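Undergrad: Each chain, letter by letter, is given below.
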Amino acid sequence: MPTTLDVKMKEKKTSQEGFATAAVNQSLKPADKIRLLRDMIRVRRFEERSLKAYTDGNIAGFLHLYIGQEAVAIGTISVCGKNDHVITAYRDHAHALGVGMGMGECMAEMYGKATGCSKGKGGSMHFFAPEKNYWGGHGIVGGQTPLGLGIAYYLKYKGLKGACLCYLGDGAVNQGAFHESLNLASLWNIPVVYIIENNGYSMGTSEARSSAFRDCLAKRAEGYNMDWDVCLGHDIYEVRAKTQEALIRAHEKSRPTLLEIDTYRYEGHSVADANKKKYRSPEEIEEYKKTKDPIFLFKSKLIAEGVMTEEAYEAIDQEAKAEAAAAEKFAEESPYPTPESMQEDIYWEVDHGRTSQGRIFFNDDEL
Amino acid sequence: MRKLTYREALREGMSEEIERDENVVIMGEEVAQYNGAYKVTEGMWAKYGDKRIVDTPISEAGFIGMGIGASMLGLRPVMELMFYSFAYVAWDQMINNASAVRYMSGGKINCPIVIRGPANGGTGVGATHSHTPENAIANVPGLKVVCPATAYDAKGLIKSAIRDNDPVYFMENTMLYGETWDVPEEEYLVPIGKADVKREGKDLSIIAHGRCVILALKAAEILAAEHDLDVEVVDLRSIRPLDEETILESVRKTHRALVVDENKPFCGVGAQISHLIQSKAFDELDAPVKRLSSIDCPAIYSAPLEKLQIPNVDRIIKAALSVG
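Protein chains in written order, with our numbering: chain H, 1 to 367; chain L, 1 to 324.
Calculated directly from the structure, the hints in this document are not laboratory data. Any given hint could turn out to be false.
[What the hints assert, rightly or not] Simulated restraints, written as ranges between beta carbons of each label pair: (1) D21/L - F296/H: 51 to 57 angstroms; (2) K218/L - N363/H: 49 to 55 angstroms; (3) D296/L - L51/H: 46 to 52 angstroms.
[Stated by the list, open to error] Listed below are several chain H residues computed to face chain L (Cβ distance under 8 angstroms; list not exhaustive): (4) Y54; (5) G57; (6) K121; (7) H126; (8) W135; (9) G143; (10) L187; (11) D293; (12) F296; (13) S356.
Given the structure is predicted, the values throughout are model-derived calculations rather than measurements. In this text, a Cβ means the ideal position worked out from N, Cα and C, and glycines have one as well.
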């Protein structure tokens with residue numbers, strides 16, 4: 001019996017031709033290609049280290065791992081220019097590393113430490129780096145989709161030639177806020193690119209059991225008179241080529257795109273997903289790992305292209321592992337935020353000098 | 001001094017800020033070509049054009065969230081909710097995103113957005129359109145809540161709200177839009193978080209916000225004329241931040257307090273004020289603090305009962321006389 005994923009892949013009218021020859025990929029120098037591979041490896045080794053820290057009891061709450069999906073975040077972000085912005089949901093570590101955030105500040109954030117990217121106030125789901133055009137890291141399914149629209153609205157309002165890549169999962173496509181955003185994006189010609197990272201499961205519920213659609217989820221865009229496309233997320237060349245098309249549409253025509261990228265997560269919805277091996281078969285997971293692992297595939301491609309060797313790959317991998325281990329050490333050794341800092345970073349004016357008057361926090365007992 | 005209606009004062013305040021700052025954008029349902037469902041933005045689209053005055057589809061979660069996103073980068077959207085009751089349609093955006101994105105980013109982001117609209121009952125539009133969510137919103141750290149009672153305050157506070165670097169949720173009242181007050185020609189600001197003693201008195205402090213202030217002032221006249229009771233009326237103007245000092249100062253003077261608001265009683269704004277008075281002016285009190293709120297049922301449609309449900313002059317007088 002075919003798996004859900006097989007059926008979905010078959011139904012989709014994705015081009016099977018190679019994307020290595022697309023202009024955006026042809027222009028890549030060997031060093032650029034190695035960097036793409038390295039960035040994917042860094043994500044995986046960071047996530048593995050995070051999982052270890054979680055199982056060791058050092059990270060609390062939710063931990064949504066990105067392992068298996070690496071080519072999506074790294075590939076899409078790799079084609080962004082200086083006025084292109086990124087916002088995503090709670091599976092946000094790869095995007096953070098992709099825009100250039102450090103492993104140390106990200107790991108420390110998950111440890112709840114003062115040195116974390118959000119000073120320990122956000123956690124795994126809420127990484128931010130506005131100075132790197134990265135606007136989070138959002139915990140509510142679909143809740144970031146109007147925000148991404150607003151980021152792109154700002155760019156258009158200011159006359160900047162840029163776009164916002166706004167990511168969501170396949171489980172978010174049924175949220176009202178997302179549909180409202182699609183309508184506004186198309187109605188007002190907002191340069192936003194909605195990227196559905198379709199890993200086949202909204203938590204433990206398969207795509208087929210969550211969403212009513214014809215052919216694919218992205219086709220829903222037709223109802224909003226919006227361009228759409230589908231993409232195989234294990235091929236970083238294809239991810240880059242299709243993202244580039246959407247970015248050009250945003251930059252040149254100020255038109256939005258709905259891009260559905262098929263991918264797969266090896267771990268559960270979160271580490272706390274008790275049923276991660278019950279709602280899908282072990283064979284399905286193994287099959288993807290064997291035939292579509294994005295890192296293995298790209299490494300093989302680069303070796304075939306003569307850009308990479310096994311030895312060079314091994315060196316990059318060791319380096320990524322060491323970087324992740326150092327991040328863990330940094331997080332472990334960092335201090336927790338002070339109780340006094342709990343009431344900082346809430347109101348801009350409290351942090352910068354009051355502009356209003358009156359009492360703004362209301363605890364009877366003082367810390 | 002010239003007279004302006006509450007809606008004209010709001011319009012003038014917003015217009016001044018549009019002219020002052022190119023990042024100010026007015027958005028909402030019917031705010032542009034239709035000239036505003038309650039005519040607050042009348043004439044603004046003709047004057048300022050499509051870029052600054054933007055009609056949105058009926059899509060509160062979408063356009064409010066969009067405004068919040070744009071504010072993260074520095075736009076100053078002034079979003080109109082046709083009724084503040086529609087905040088619940090945009091609740092995730094207004095409560096989760098606008099309030100917490102600063103905190104969750106460790107202070108890297110702020111949202112200089114204003115979300116304004118009428119938050120009141122009393123107009124026969126039933127339970128879905130008569131909510132007063134100032135208490136619920138003021139419960140959320142990161143948000144500010146402002147409820148002006150007069151045209152003067154509406155103009156001065158909308159200008160402060162637009163210049164504020166944090167999200168300000170600005171609650172108006174459809175029953176005040178057509179009322180007139182003195183508003184000076186020259187520019188002024190009313191600071192957020194500063195209460196205003198609208199009437200001085202020595203026997204009883206009535207603490208209120210929004211239209212309840214106007215009702216309290218009317219009640220105070222009758223109480224003075226018919227019951228020889230000299231009432232002080234404190235207008236909170238801002239719920240969060242809260243001017244505790246002005247409230248306490250008044251209570252220290254009168255030794256009696258009646259807190260009036262249009263919230264339902266449970267966890268309404270009055271509960272917070274009442275707690276403040278008992279905890280910081282307990283020894284000053286000659287009687288327990290009294291609260292007057294809307295009757296604890298969904299907003300009723302039937303006109304005579306709706307008049308009874310929300311605070312009115314008669315209910316305020318009765319409550320004032322019952323303070324021991």
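Undergrad: If a hint holds in the structure, say so; if it doesn't, say that too.
TA: Evaluation of the provided hints:
{"no.": "1", "hint": "D21/L - F296/H: 51 to 57 angstroms", "verdict": "53 angstroms, holds"}
{"no.": "2", "hint": "K218/L - N363/H: 49 to 55 angstroms", "verdict": "37 angstroms, violated"}
{"no.": "3", "hint": "D296/L - L51/H: 46 to 52 angstroms", "verdict": "50 angstroms, holds"}
{"no.": "4", "hint": "Y54", "verdict": "20 angstroms, violated"}
{"no.": "5", "hint": "G57", "verdict": "23 angstroms, violated"}
{"no.": "6", "hint": "K121", "verdict": "5 angstroms, holds"}
{"no.": "7", "hint": "H126", "verdict": "4 angstroms, holds"}
{"no.": "8", "hint": "W135", "verdict": "6 angstroms, holds"}
{"no.": "9", "hint": "G143", "verdict": "5 angstroms, holds"}
{"no.": "10", "hint": "L187", "verdict": "7 angstroms, holds"}
{"no.": "11", "hint": "D293", "verdict": "32 angstroms, violated"}
{"no.": "12", "hint": "F296", "verdict": "35 angstroms, violated"}
{"no.": "13", "hint": "S356", "verdict": "4 angstroms, holds"}
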